[in-house]
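> Sequence:
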Amino acid sequence: MRQMALIGFLQAQNCSNLVSSWRHPAARPDFLSAEYYQEIAQILEAGKFHLAFFDDRLAMPDRYGNDHAHTVENGIRCVKMDPVACLMAMAMGTRQIGLGATYSTTYYEPFHVARVFATVDNLIGGRVAWNVVTSLNDGEAWNMGREQMIAHDLRYDRADEFMEVVLGHWDSWDDDAIVLDKQRMVFADPAKVRRLDHKGKFFNSRGPFTVPRTPQGRPVIIQAGQSGRGKKFSAQWGELVFVSYANLQVARRDYAELKGMIAAEGRDPDSVRISTTCYTVVGESRAEAEEKYALIESLHRDVDSLSLLSEALNFDFASKGMDDPFTTEELKNISGLQAIRDRVVSLSGNPNPTVREFLHHSQRGRMQNPMIGTAGDVADQMEEWFTSRACDGFVIVGTNIPEGYRDFVRLVVPELQRRKLFREDYTGKTLRENLGLPKAANGDWRR
Numbered sequence: 046m047r048q049m050a051l052i053g054f055l056q057a058q059n060c061s062n063l064v065s066s067w068r069h070p071a072a073r074p075d076f077l078s079a080e081y082y083q084e085i086a087q088i089l090e091a092g093k094f095h096l097a098f099f100d101d102r103l104a105m106p107d108r109y110g111n112d113h114a115h116t117v118e119n120g121i122r123c124v125k126m127d128p129v130a131c132l133m134a135m136a137m138g139t140r141q142i143g144l145g146a147t148y149s150t151t152y153y154e155p156f157h158v159a160r161v162f163a164t165v166d167n168l169i170g171g172r173v174a175w176n177v178v179t180s181l182n183d184g185e186a187w188n189m190g191r192e193q194m195i196a197h198d199l200r201y202d203r204a205d206e207f208m209e210v211v212l213g214h215w216d217s218w219d220d221d222a223i224v225l226d227k228q229r230m231v232f233a234d235p236a237k238v239r240r241l242d243h244k245g246k247f248f249n250s251r252g253p254f255t256v257p258r259t260p261q262g263r264p265v266i267i268q269a270g271q272s273g274r275g276k277k278f279s280a281q282w283g284e285l286v287f288v289s290y291a292n293l294q295v296a297r298r299d300y301a302e303l304k305g306m307i308a309a310e311g312r313d314p315d316s317v318r319i320s321t322t323c324y325t326v327v328g329e330s331r332a333e334a335e336e337k338y339a340l341i342e343s344l345h346r347d348v349d350s351l352s353l354l355s356e357a358l359n360f361d362f363a364s365k366g367m368d369d370p371f372t373t374e375e376l377k378n379i380s381g382l383q384a385i386r387d388r389v390v391s392l393s394g395n396p397n398p399t400v401r402e403f404l405h406h407s408q409r410g411r412m413q414n415p416m417i418g419t420a421g422d423v424a425d426q427m428e429e430w431f432t433s434r435a436c437d438g439f440v441i442v443g444t445n446i447p448e449g450y451r452d453f454v455r456l457v458v459p460e461l462q463r464r465k466l467f468r469e470d471y472t473g474k475t476l477r478e479n480l481g482l483p484k485a486a487n488g489d490w491r492r
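In terms of our numbering, the sequence shown opens at residue 46 and continues consecutively.
In case anyone wonders, no lab produced these hints; they're calculated from the structure. Just so you know, these numbers come straight off a predicted model, no measurement behind them. Among the clues, some could well be false.
What the hints assert, rightly or not - Beta-carbon label-pair distances, calculated as ranges:
1) ARG346 with ASN378: 40 to 46 Å
2) LYS237 with ASN378: 46 to 52 Å
3) ALA71 with HIS405: 25 to 31 Å
4) PRO257 with TYR471: 39 to 45 Å
5) GLY394 with ALA301: 20 to 26 Å
Quick reminder that beta carbons are idealized off the backbone N, C-alpha and C, glycines included.
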């Protein structure tokens, strides 16, 4: 029976993906501590979530006005710790939940990324996923020693080769390479450990790789590209794909389109889980949930949205008035998340939307299409999305931490389980087993 995947959407910072969450009266202030992340992971594990996942960027959102003062003053994701270090803290307090982190193909070397994730996957028993991203704004470029961001499609061309190198290194040890024969004094079979010797357009990487095969074969690959080029990358490489759909009608259409693209790549569409971002506000009664929602909405400030739009689109929104339209040339030259630009143009019906229209239709920095009400109300909406093939699961965003996750696990998860839409318990030891994916075999990604 088909059942949904549940993922907790985290940030290694002072807030959740919802910037205003740190302002909530119930939000914990100890976001720099290991205990903070361990408690979140333990709540999600109690709810049988498949994965706790860290998004990441390599710069503060300081593109708005080309200054970081507003970012720091308003707490707009201004703290960004390394997600893998936070992941390890969570791993030490859990036993079953999968743990994922974002690392960029734009600024790291493939060998380094391969080693980091293979190491962690071995250390915690095969529960790791890597979210593959191409960094998107000039602030990140400047932090990482570059003068400007690489062009949008070129970033994906580079990322394709990056994937080949990482996966090639992960394949360079056979599952049974380690012998540990003390009598013969043989540690491992040298015939089962190979050099990669990759020489390509963007990368050269020799090997041999220094980390043996992991319990699940290799870490699970997460992808979230939603531009035209990003979707192609997801269809080619993603095993767990994160999306953000404007409404149910769009979701059904785009879900079917992406599944078709996966099939066109020679892959089994059912082997790729497509999960949509989901904001929930749940209460014992609908009135209680609506009261919670009103409080969360009251914490939002327009500067949150303007700052995050500037960061994501790599364009300074302070350079335009609220009702100034974007020129065709400005829209064409946006080098960040082009999917946001395209969605705003589509939803507004305006080929040259204004800043105000960007705020309204992108909902950047706000809860997008929140599911509000009792556990039954929220489960009804999730069931409709899932059973009508608009998604395979949900990426749940904490509206305040940790109580937003605790409310969901306490109220919504039992209702989903009662309807047989979500599992009662973990079914395996590795993340792949719990996602219903086979153990990765050497070379199975080559098509």
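> Going through the earlier hints one by one, which of them does the structure break, listed in rising order?
The structure breaks hints 1, 4; every other hint is satisfied.
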